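Sequences are here, hints too, so could you generate the full structure?
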Amino acid sequence: MLQLLIAGLTVGSEFALIALGIHIILRATRVVNFAQGEFSIVGGLIALTCAEVLHANAWFALAGATLAGFVLGLVFEIVVLRPAGRTGGEAGVTIATIGAVFVLLYGHALVPGWGSDSHPLPGFGGPANIVILSLSKDGGAVVQVQSLWVFALLIAALAALYVFFERTYYGKAIRAAAENPLGARLVGIDVNSARAISVALGIALAAYGGTIIGPITLVGGAAGFALTIKGFVAAIVGGLESPVGCVAGGFVVGVLQVFLQSRMSYDVADPLVYSVLLLMLLVRPQGLFGRRDVVRD
Amino acid sequence: MLAVFAAIVILFGVLAQHDAGLSQAGTYVAIFAPAAIGLSILLGNVNQISVGQAGFFGIGAYSVGYLTVERGWPFWTAAPLGIALAAAIGVGLGFIALRFRGHYLAMATLAFGLIAAGVFHAAPFLGHASGITGIPYPQAGPLTISGHVAYWFAWIVAFVIALLSLSLLRGRAGRAFEAIRNDELAAETIGIPTRRYKIVAFAYAGALAAAGGATFAAYLGLVNPDAVGIALSVDVLLMVVLGGSGLISGALFGAALIGYLNVVGHQWDNWREVGYGALVVLCVIFAPGGVLGTLRRLAFARAPSTRAAPPPPAVIAAPPVRAPSAEPLAVRGVTKRFGGLVALDDVSFSLQPGTLTALIGPNGAGKTTLFNAICGIGRPTAGRIAIGGADVTGRQPHRIAALGVGRTFQNARLFGAMTVFENVAAAAAANRRVADRRARAVLARLGLDHLAGVLAKDLAFGDRRRAELARAVAAEPWLLLVDEPAAGLNGPERERLNADLLALRDAGTTLLLIEHDMKLVMAISQRVIVLEFGRVIADAAPAEVQRDPRVIAAYLGTAT
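First to last, the sequence lines map onto chains E and H.
Residue numbering for the first sequence follows the working numbering, starting at 1 and increasing by one per position.
Residue numbering for the second sequence follows the working numbering, starting at 1 and increasing by one per position.
Everything labelled a hint here was simulated from the structure, so no lab data went into it.
Quantities reported herein were computed from a predicted structural model and do not represent experimental measurements.
For glycine and all other residues, C-beta sits at the position ideal for the given N, C-alpha and C.
One or more of the hints may lead you astray.
In silico lysine to any residue, SDA-like type, Cα no more than 25 angstroms apart, as pairs [to be verified]:
# : chain 1 : residue 1 : chain 2 : residue 2
1 : H       : K457      : E       : G171
2 : H       : K457      : H       : R432
3 : H       : K457      : E       : L182
4 : H       : K457      : E       : A178
5 : H       : K457      : E       : S265
6 : H       : K457      : H       : S325
7 : H       : K457      : E       : G88
8 : H       : K457      : H       : L169
Just a few of them, taken from the derived set where beta-carbon distance is under 8 angstroms, the chain E residues facing chain H [said to hold, decoys possible]:
#  : residue
9  : T87
10 : D117
11 : P120
12 : P122
Written out as structure tokens, the structure is:
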């Protein structure tokens, strides 16, 4: 039980980061980015290249992937989302992100060294490979050191985001621009750059998440759509409008998924996770932590 | 346009008669076209994205597979059942759609597609990963629908669906969709049940995809989870985006284009899919209407015409209307709070049939909030509202409108991308022919017929207000709420408005009028209700209200 819980929280950490990225991009663009999971996978693959080709250690690979994610995000916003929004509105942007999924999904398979397979990523190191956590004499769990790294790195990212959005001028400006673009423009905030930085941050988070989980779950492969939707389920479970909710939702979905997968085949377990989405949308669309009034007009 | 397609399909069918590869490629286009038509309506007319068409397609295909193979049903009963099942599930998804504004819904449709794929995988009677095989070819009398016969059959199905959809879009539903897409709230207030239309659109799109799926299963003789996976949903989306959403011919064109590209690029696997993704993005950015939509726009580009209005003709009497009770409107103790702000505070009054009452008060007094409450936009915090003797508190706006209530908005919420004529006809609440006749009559009566063909967004300000009035009276309401109709109107336009409002009153319409122009208020109203800070501070004949010290204080401030 405890074992499953820890495994669930570990994968849930990635869902949490995907959900947070979706949340940040949604706030800035009013659109759900379907390519979020795909960017996470590409991020992991970039870390792989850093590690294998450039012989960087895990930390530099993580920094490289996150930075590359940020740059990719900027390009994505400026080249795809912004022009799509000008001509197609929110529906157009949403469709463009779905198009981007295909470019990234099948495009990364064409990159030499990436392909369509999954690859292991070097770990972040540590004194021993596993530690035994025993709470009582009959129950205990084997915890990978990498899982502990995942939690630590998740917390580090959350802390950094908190400080950025709550404590710095730029973070506040970005929030203002997302909240009320016209008002922000009137007080001299460059709304376009604020939006681009939001998207870049969201994508960087995805790449970061794909990398920190890499030593445990492998990187690459075709699971991007599934990641996006699990991140979205997490965001809906926790409350799309609440960053804390996104993280909590990520953990809930991670634990649920691991628990279901331990009982039945993946083909059944994953659709059950997705049905949580429809259930939440019907029963409590504002999420477990969201406020009711933000959901509808 | 469809006739051109039909000609191409027939020509292709004759040419491909002895070429199994070509025939199959052509048949596939016909099989996927219905799913694209459904999504085209959903995306183009209701502005909702679905990435779940493969799920519905699979429901149609698996219904045919299971019922014919396991239950021994003929195709002709199995297929309709599958289509009905898909429609029912579409209604369910539609309900979810209504809970959200924006495009989160697309994610729910994606989840639906993946769940459907999971069910196809997991359900023991659906054959798991290998699916259902040995599906018999449908028999039509002595004719077995297989091989090239299936080409003709699939295209007949596709064209029947195309024609059905076209007549739907050209009829009342099409106008309603268009109105909803332009302004949902305004559509509600002219009596269009926007929620129902959206749900119907989802169900219809699902049913069409299922019809394609049923044909698919019967044609191939098998169905498996891979065939109805997420890739198909995205292909269908691609067909619609490329061809042109909202256009039936666009969906057909898109289906044919993708069918062609699939054949041409079949050995290119990854590159082809990257290209599809890039095409979607490029299409959204450079050709938002798709290929056909863009061509059509170029062909039918029309310059905005804002001709100066000729002098309005004489007023023609409005057709008589009658309120169903002696009390067309009764507001009893209505209070509306927004958080800590009290917008309406225990407001009570009732109106006599066939009278014109003005509602005045300083800015922020709660006048428009009161209109909204009467129309069903935002439930009052406390109190009841009765219209025509029936308690309507908390009822949806379109149901209140359907009772015989019309309204205009302070900021003239016309359907911008529709012509004046279409705006008025959409509100006429009748089938297309009757609606068109009524719309013409209303425009003639209000002296707006010269503007009938002008897009609402191109109208001059005064004309916009009068067009909105025309839309509000098109359904011949017996209770009419008019929000600042004279604002921004010039002298002659105001005189004309006076006359129009009085003509409506004389025909038996009960009018409630928000207005700041005191000359107009005093000239035409029989009674004036004054609101201040959400309270009724005066309710009397115009002359009396004019002398009321409280009213004077409210407007001019109190000397202290």
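Against the structure, the hints:
Between K457 (chain H) and G171 (chain E) the CA atoms are separated by roughly 38 angstroms; this puts the pair beyond 25 angstroms, and the hint is violated. Between the alpha carbons of K457 (chain H) and R432 (chain H) the distance comes to roughly 23 angstroms, so the proposed pair stays at or under 25 angstroms and holds. For the hint pairing K457 (chain H) with L182 (chain E), the CA-to-CA distance comes to about 22 angstroms; that is within 25 angstroms, so the pair holds. The straight-line distance between the Cα atoms of K457 (chain H) and A178 (chain E) is roughly 28 angstroms, outside the 25 angstroms bound, and the hint therefore fails.
Note on K457 (chain H) and S265 (chain E): the hinted pairing is violated, with a Cα-Cα distance of about 56 angstroms set against a maximum of 25 angstroms. Note on K457 (chain H) and S325 (chain H): the hinted pairing is violated, with a Cα-Cα distance of about 38 angstroms set against a maximum of 25 angstroms. Distance hint between K457 (chain H) and G88 (chain E) is fulfilled; the C-alpha atoms sit about 19 angstroms from each other, no more than 25 angstroms. Between K457 (chain H) and L169 (chain H) the CA atoms are separated by roughly 22 angstroms; this keeps the pair inside 25 angstroms, and the hint holds.
With its C-beta approaching chain H no nearer than about 5 angstroms, T87 (chain E) sits inside the 8 angstroms limit, and its interface hint holds. The closest approach between the C-beta of D117 (chain E) and any C-beta of chain H is roughly 13 angstroms, which is over the 8 angstroms cut-off, so the hint fails. The beta carbon of P120 (chain E) comes no nearer than 23 angstroms to any beta carbon in chain H, farther than 8 angstroms, and the hint placing it at the interface is violated. Proximity of P122 (chain E) to chain H is violated relative to the hint, the smallest CB-CB distance being about 27 angstroms (cut-off 8 angstroms).
Checked against the numbered hints given earlier, the structure breaks hints 1, 4, 5, 6, 10, 11 and 12 and satisfies all the rest.
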